[in-house]
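Here the protein sequences line up with chains A and B, keeping their order. Going letter by letter, the first sequence gives residues 1 to 582 in the working numbering. Going letter by letter, the second sequence gives residues 1 to 254 in the working numbering.
A couple of the hints might just be wrong.
Below, in silico cross-link-like pairs of lysine to aspartate or glutamate (EDC-like), each with a Cα-Cα straight-line distance of 20 Å or less [to be verified]: (1) B:K135 - A:D417; (2) B:K135 - A:D115; (3) A:K347 - B:D152.
Okay, the calculated beta carbon distance ranges per label pair [as the list claims (entries may be wrong)]: (4) B:S134 - A:S511: 45 to 55 Å; (5) B:L111 - A:S511: 47 to 57 Å; (6) B:V248 - A:D431: 51 to 61 Å; (7) B:V124 - A:L472: 46 to 56 Å; (8) A:L554 - B:L50: 25 to 35 Å; (9) A:R3 - B:K252: 14 to 24 Å.
The set of hints was computed from the structure by calculation and includes no laboratory data. This one's a predicted model, so the numbers in the text were calculated from it and none came from an experiment. All C-beta atoms, glycine included, are put in the ideal place defined by N, C-alpha and C.
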Amino acid sequence: MIREIARQEWDYQRDRPFGRLVQLFVARIFRGGGDTDAEGLDLGVGLVLTLLALPGGFVSIFLFDKYGSLLQWLRGQTNVDTLLMAFSDEYFFIVLSMTVTGAIAVWRWDAIFPDRRDHMNLAHLPVATRTIFFANLLAVVFLVGLVAFDGNAASCVLFPMVVSASQGSLLFFIKFGLVHAVGVLLSSVFSFLAVFAILGLLMAILPPRFLRRVSAYARGLIVVYLVTLLCTSFVIPELLRRVKGPAPSWTLLFPSCWFVSLCQLLRQRANPAMAELAKLCVPGITLLALFAFCVYAIGYRRHFVQISEIAEGTSVQHVPLPWHWSALERLILRTPFQSGCFRFVGKTLLRSEAHRLVLTGVAGLALVLASQALMRAFEGIKSPQQAAMTSEALSIPFVVSFLLIIGLRVVFEIPSDLRANWIFQLMLDPDQECEPLARKVIFVSILPWLLVITFAAYLYLKGPVVAVLHTLVVAAWSCLLTNVVLVRFRKLPFTCSLPVFKQHSIVILISLCFGFLIYAGSTAEFESSALSQPIRMLFLLPVAGVAWYIPHYLGKNTIDLERRLIFEETTTRTVELLRLSE
Amino acid sequence: MLEAVQLTKRYSSLPAVQDLSFRLQPGQVLGCLGPNGSGKSTTVKMLTGLLEPSRGVVRFNGRAIQEDLASYRMHLGYVPEEAHLYPYLTGWEYLEMVGTLRGMGRNRMYLKIDSLLQLFSLHVARHASIGTYSKGMRQRILLIAALMHDPDIFIFDEPLSGLDVTSALIFKNLVQVLGRSGKFVFYCSHVLEVVEKVCTDVLILRKGVVIAHDSVTNMGKILGESLENTFLHLVDDVDTMNVARDIVEVMKAA
Numbered sequence: 001m002i003r004e005i006a007r008q009e010w011d012y013q014r015d016r017p018f019g020r021l022v023q024l025f026v027a028r029i030f031r032g033g034g035d036t037d038a039e040g041l042d043l044g045v046g047l048v049l050t051l052l053a054l055p056g057g058f059v060s061i062f063l064f065d066k067y068g069s070l071l072q073w074l075r076g077q078t079n080v081d082t083l084l085m086a087f088s089d090e091y092f093f094i095v096l097s098m099t100v101t102g103a104i105a106v107w108r109w110d111a112i113f114p115d116r117r118d119h120m121n122l123a124h125l126p127v128a129t130r131t132i133f134f135a136n137l138l139a140v141v142f143l144v145g146l147v148a149f150d151g152n153a154a155s156c157v158l159f160p161m162v163v164s165a166s167q168g169s170l171l172f173f174i175k176f177g178l179v180h181a182v183g184v185l186l187s188s189v190f191s192f193l194a195v196f197a198i199l200g201l202l203m204a205i206l207p208p209r210f211l212r213r214v215s216a217y218a219r220g221l222i223v224v225y226l227v228t229l230l231c232t233s234f235v236i237p238e239l240l241r242r243v244k245g246p247a248p249s250w251t252l253l254f255p256s257c258w259f260v261s262l263c264q265l266l267r268q269r270a271n272p273a274m275a276e277l278a279k280l281c282v283p284g285i286t287l288l289a290l291f292a293f294c295v296y297a298i299g300y301r302r303h304f305v306q307i308s309e310i311a312e313g314t315s316v317q318h319v320p321l322p323w324h325w326s327a328l329e330r331l332i333l334r335t336p337f338q339s340g341c342f343r344f345v346g347k348t349l350l351r352s353e354a355h356r357l358v359l360t361g362v363a364g365l366a367l368v369l370a371s372q373a374l375m376r377a378f379e380g381i382k383s384p385q386q387a388a389m390t391s392e393a394l395s396i397p398f399v400v401s402f403l404l405i406i407g408l409r410v411v412f413e414i415p416s417d418l419r420a421n422w423i424f425q426l427m428l429d430p431d432q433e434c435e436p437l438a439r440k441v442i443f444v445s446i447l448p449w450l451l452v453i454t455f456a457a458y459l460y461l462k463g464p465v466v467a468v469l470h471t472l473v474v475a476a477w478s479c480l481l482t483n484v485v486l487v488r489f490r491k492l493p494f495t496c497s498l499p500v501f502k503q504h505s506i507v508i509l510i511s512l513c514f515g516f517l518i519y520a521g522s523t524a525e526f527e528s529s530a531l532s533q534p535i536r537m538l539f540l541l542p543v544a545g546v547a548w549y550i551p552h553y554l555g556k557n558t559i560d561l562e563r564r565l566i567f568e569e570t571t572t573r574t575v576e577l578l579r580l581s582e
Numbered sequence: 001m002l003e004a005v006q007l008t009k010r011y012s013s014l015p016a017v018q019d020l021s022f023r024l025q026p027g028q029v030l031g032c033l034g035p036n037g038s039g040k041s042t043t044v045k046m047l048t049g050l051l052e053p054s055r056g057v058v059r060f061n062g063r064a065i066q067e068d069l070a071s072y073r074m075h076l077g078y079v080p081e082e083a084h085l086y087p088y089l090t091g092w093e094y095l096e097m098v099g100t101l102r103g104m105g106r107n108r109m110y111l112k113i114d115s116l117l118q119l120f121s122l123h124v125a126r127h128a129s130i131g132t133y134s135k136g137m138r139q140r141i142l143l144i145a146a147l148m149h150d151p152d153i154f155i156f157d158e159p160l161s162g163l164d165v166t167s168a169l170i171f172k173n174l175v176q177v178l179g180r181s182g183k184f185v186f187y188c189s190h191v192l193e194v195v196e197k198v199c200t201d202v203l204i205l206r207k208g209v210v211i212a213h214d215s216v217t218n219m220g221k222i223l224g225e226s227l228e229n230t231f232l233h234l235v236d237d238v239d240t241m242n243v244a245r246d247i248v249e250v251m252k253a254a
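Kindly generate the complete structure, drawing on both the sequences and the hints.
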């Protein structure tokens, strides 16, 4: 009976204008907004929700090894304090939850607010603007709830299960699980609200013509912050546990500390600093929600209600190419294909939001890892000259080049408005080789500044010999890695559909992890010992030779059909119909 | 001469176009008419080489275009039905990219882009991103991209959609001038009046099959009617006036 009434009420609300609007905005937030249906990263709702749930689930499963009582016993770990052990993992789940939710908010940045398209479709209908305002607000609240729930559901069940595996008590599992759920859900909501508030603030204070440009930088900075936050999980739990006295001021910069402290407080394991930080959670979220609501209302009034009075879009400042750049272009870009497509690739990287965001995320990761390496290089060493010769300091350019080269290679695969690629399909010769073009894009965008900085830093710190040798190794390794990642690359970047998942994709992923360790770690360690006696550097030549020969051999043995330019990724069919009757 | 010989295209054994044949001589403007789903777009895609026919061949100057698509496309100017362009490029940058890919010399290309942008009234908006352009502006960019390298063959697929009155008038005259200057023009449209006015010949498709192919004048002479009536006579057995009355009745129904 109650169910029937509830269903009738739901159907009634759903068919009312407000209900329809909420449905519309929820669908728009998931399927993408913006005035142009441009970007190629339009994943389905189901896939987004699955991807969101995956990290928490996987991390929890990997932790079985740490908390299993038998494995602990085999390792000789007895009388383990499970809650103490779980502290750093809980912090990791909190930052993971914040990062994932924040990333979703950044990804859907353009779709959170009603835009010109919504205005064109809705403004002429007999619907009050405040109805549109509240419908969109409700859709955003629904999205926050869904993302927070979906992103943390797996960890809220699996992580307490893993931790309580050695306890054998259902009560422990329930108590631990509830506290963990409070921590991760609140942190998720906080992260979303923070991004929402920043977007609202920009809309409230900036004139429309600056908004798009500034918001692009703001999104980039948020991505870098989120990556940094994720990386703090290796350091902050230990620092926080050791704090004596009041909470240090740096903890204010990382709200993740507040939420992990709240969990500790609820479990009565908080030190004075944590107790202090835990008290910031509820007022922090309340104030942030209020602030977000206010700036959203102002932003809505400024941008949506008055959208018809705002000129559409902005002009890109046209700067003619300087003569030296034109000369360089003529030198390195030999064919009309390379010349035309090089600029297209460059402009897509600079202007397409989806591509820029992914690349910013990778650059942020590179920045964080490079900073960590630099910090480790100075541990126990006083002079910069000494620190420069440690493997950690030497690894910095390798870390940066590895991540940026791989990042660019990944970004090349993300399509940019596939419907617009007809112009390339129509004009490009299918026998065109894309590998040299992609290689030139990678070289031009990474190598010049990286090599100049590396050379200048080592010239100042260690003199010309070390500077030349180290720069040469970085350049050679970058070229070899670029060759490896571009083996059998036959697409014009951004113009082909997303690659299909292949069985060997996981092998590639694992190879990348090992490749990173060898490329950045082992090379730097070798250099650290060899640079003092430069003759030893010759040992790198055979390694470089092998690294050059393998991709060269693979490229040479590719049949002509597999070199042809493609615009669509297809899987090889197991069974092919011959259609003899046709 | 551009020649289509028994072109057939099937999608999963469903025929979209069947045994389509025609010849297009220099100076001829061939209009292609047909209701939705009649195979016009498939024909255009086969003529541009974007789609390979299941059977049959397209020949340009006696040579199958698939043998050397790249050189055939050097002679081709194509305006697609929908103006899908990269929204983050400016109009100028897009045309510059197209010109470069066509291998045009830089000075000649810049001169042409600049002049054509002026003539199509887009010069003021040349450095604004295409994402901010109206449908008509995007259509004009496509027209410039198709014209700037002085091709021999023009394939227009609904080129007038979104164009304002002045631009549409300019374009209609342009098609006639192109025809008179010896270019091959294949013109797909729903707008019968335009086809009647600008084309020398007309090809009518229905369910992927050619049901009429003759000069515009002959077609009218044979049936003694305007192109619109000829089209309706050949393609649809629908009493359009009755349908219009039914629509108003449904609209007014309580």
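Of all the hints numbered above, which does this structure not satisfy? Sort the numbers upward.
3 and 9
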